[in-house]
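J.: Listed below, chain by chain, are the residues.
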Amino acid sequence: MSAANGIALEARDLTRIYGRGSEEVRALDGVSLQIRKGEFVSFMGPSGSGKTTLVNLLGCLENPTSGELDLAGRRIFGTGDVLGERDLTRIRRELFGYIFQNFYLIPTLTVRENVALPLAFYRKPGVEGEVESLLGLLGMEHRMNHLPGQISGGEMQRVAIARALVNRPEILLADEPTGNLDTTRTGEIGEILQQLNRSTGLTILMVTHNPDLGRLGGRHIEMRDGRACEA
Amino acid sequence: MNPQRGLPSRHLLLLLPLAFVAAPLPAAVSCELNNPAADVPRLFPESTSYKTLYFSFASRGGDPVFKRVVSRLAGVPALYAPLDVPYTLYEIYKGKEKIGYIHGVNQKGQFGVLEVFVSLDLEGRIKAFYLQRVAGSWGNKFTARKFGTQFVGMTLKDFATFDFIAGKGTGRLAAVINPAPEALTDFLGVLRALNKNLILMDEFFYSAEKKP
Amino acid sequence: MISKFQIASKNLLRKKARTVLTLVGIILSSWVLVSLLGFNRGYEKALNRDIDNMGYQVMVMAKGCPYEAATMMLQGGAGLRYIEENVAKSIETRPEVDKVTPILMQAYFDPNKGDGGGIAGYFGVDLATFPAMKPFLRFHKGGWFKEPEAAEAVMGYEAAELEQRDVGDLILVPEKNVQLKVVGILERTGTQDDGTIFVPLKTLQKISGLDKITTIGIKVKKDADITGLENALYQLPDMQVVSFSQVKQTIMKLIATARVMVLSIAVIALLIAMVGVVNTVLMSVLERKHEIGILKTMGAMPGDIFRLVWTETLILCASGGVLGIGLALGFARLSDLLVRRALPYAPGGELVAIDLRLSATTLLTIVVVGLVSGMYPAWKAGRIRPLDSIRSEA
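Chains as they are written, first to last, in the working numbering: chain F, 1 to 231; chain D, 232 to 443; chain C, 444 to 837.
Because the hints were derived from the structure by calculation, they are not lab data.
Any given hint could be a false lead.
Below, in silico cross-link-like pairs of lysine to any residue (SDA-like), each with a Cα-Cα straight-line distance of 20 angstroms or less [what the hints assert, rightly or not]:
1) C/K447 / F/P107
2) C/K664 / C/P578
3) C/K732 / F/R86
4) D/K377 / D/I408
5) C/K453 / F/N145
6) C/K458 / F/L109
7) C/K453 / F/L109
8) F/K124 / C/M444
9) D/K298 / D/Y437
10) C/K459 / F/P107
11) C/K447 / F/R123
12) D/K372 / D/A359
If we strip away everything but chain F, and leave its shape as in the complex, we get (with noise of 0.2 angstroms):
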């Protein structure tokens, strides 16, 4: 799948609402906007204002209520059926990748076996050596035989990134990816981001608390009481 017109996704009137009737919860109140292919956006907000929603519904982690997104010129939501499980991971395994707070590296594998992981389970066509150039490209080539427990917080991070860039994904979600780390972690990381961005035109949504890391990118989105306004 390739972005059309340059637009790697759209979104309209986007709503999520939560619970039923006096318990109702609206996480996300008809938003709509359009990224292009190759920009970097950072989504902040206080906690609560619907940013980490709006980026799981960009990313096909769960159906919205109503609302319709198009992927890369394609109806993913609004079409009028929900998509289940199965549809979700065909089009989240084709177009992207995830990093979050918590790193989730798998503590028995060596950084390696991590960063290959999802090859077990998917692999696009022409990723073979896409494991060790990603490891060098993130500088963690001397500690590929090592295990999770053995690198720092910021190292680990690195491999996630590597991981969910494995098989090649047009569009990079990271969910307070600096969260767990120091300022200096969180500067590097904002570095290896910005250096992915401008380097390989990789499409990257980020939701993130910490301003500074937020300037890092091309375009911000405030979110408040689930509304989006661009900042």
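Keeping the supplied structure of chain F fixed, place chains D and C upon it in accordance with the hints.
T.: Below, chains D and C without anything else, positioned relative to chain F:
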């Protein structure tokens, strides 16, 4: 008449031949007391407890010891066969103190095996003689008290002056009266068994205890 | 590259103690299961072999209370009932019968045997017919008696060893004081023959002052109707018939209840071990909820996760099963000894017979039961949604 189809009775009938041979069937090759709980107090009245040990040439020195024993048996092991078998020794205690041993050996008799036991003090002196098994109508002559008491007080030294092949000699052993002249084979068998018994005890235990 | 199998096995290494404990459960239950199945096979085989080694399938003897006879035998003295020799001849003419052999059993009290005396038993056998009934009896030394009335004896291996008799030695029949010369010593058979002293029938009859016999051994023709023969033999006055196939059935029935009970215990042990497996894998799934959610973001389908977790179950059950069966094979002799001590009657030979086929069947059973048990945790893992695991962390 209804045929007998009692199932347990059939089972028993099949086992009937077993009854002939299964009831007291002592150990196939080693010489053990039939009823140590009763035999030990009778053969060693001062005892309060006993321990059972098992030994053989393999476990106590191997071939060099075996050769030494054969030479002590005047180089005629066939007279004393079988030699290379497991042996059972009863260590006798009074309280916590060891006071002696009871040891038995098998010896070929005229009509069956001779099982010859002695109880010994810590100096190797015979305190009691017990013939547990003998086949032949003269059996009770050899199991009688009168015969066994002749050996009380003897040590290995008393056996040194006797020729076990010829069946003659001097000293205390030569003075022992044969209660059944018609059973010369068994009489000599008993003497040879005692000789073997004492030599084995000396070789495995008394000499070993004396070593520094 | 890393395979799903490698991921599964490395997952098991995360909590080594828990994995080892679960494995121990499977090992023990596999060991017990295969040993018991081996016993089921071995016992029947050994029993059949014992009966085959008897040489004849049916025995006829005089009617009388066998309990009384057996007790009197054990205490020495008379008590046996006798049959006329010509009965053997008449049975031989029957169409189902291949061969017959007359046997006289006698016992004499020996005051010098054992504690307070014991009985010495002798089997008087017919030179013309008995050896032919037992062609598999081999001699360690010597051979059968030369003459039907010779003052000779053939001893079983253990009987000779016990009395230190060799070919050429003499034995004495107690009470009667008759000397017999040992002309043959049999090789070990692992049956009652090892402790038996065989004497020519006529010789024993002369010693006992009888012209009768106690037993007739009957070898039945191949494919003959044994039941029909037995029914006919029951009609003989004052006779009882012992059929070894019936004895075998009796013995098998006697132990059948025990076998079922013990086998049930083994099955329960296996199920308990499987509960342990399910618990271990389920706990591990719940602990790895977040990771499993992340695997889904990496492209793992629900089926992939199911197979991954199921593979962990497979590894546990297969390794535990193989080790348990290996231990059972290694300790088969010890199991044999323990079973032999526990049973009132144990035939000779291998009682716990574990072969490759039985091992494979047991392993397959363990693995299948394990996989069925493992379906629930695997299904649960497959259903984890990425967002549930991420959200629950936030």
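J.: May I ask which of the numbered hints given earlier this structure violates, with the numbers listed in increasing order?
T.: none
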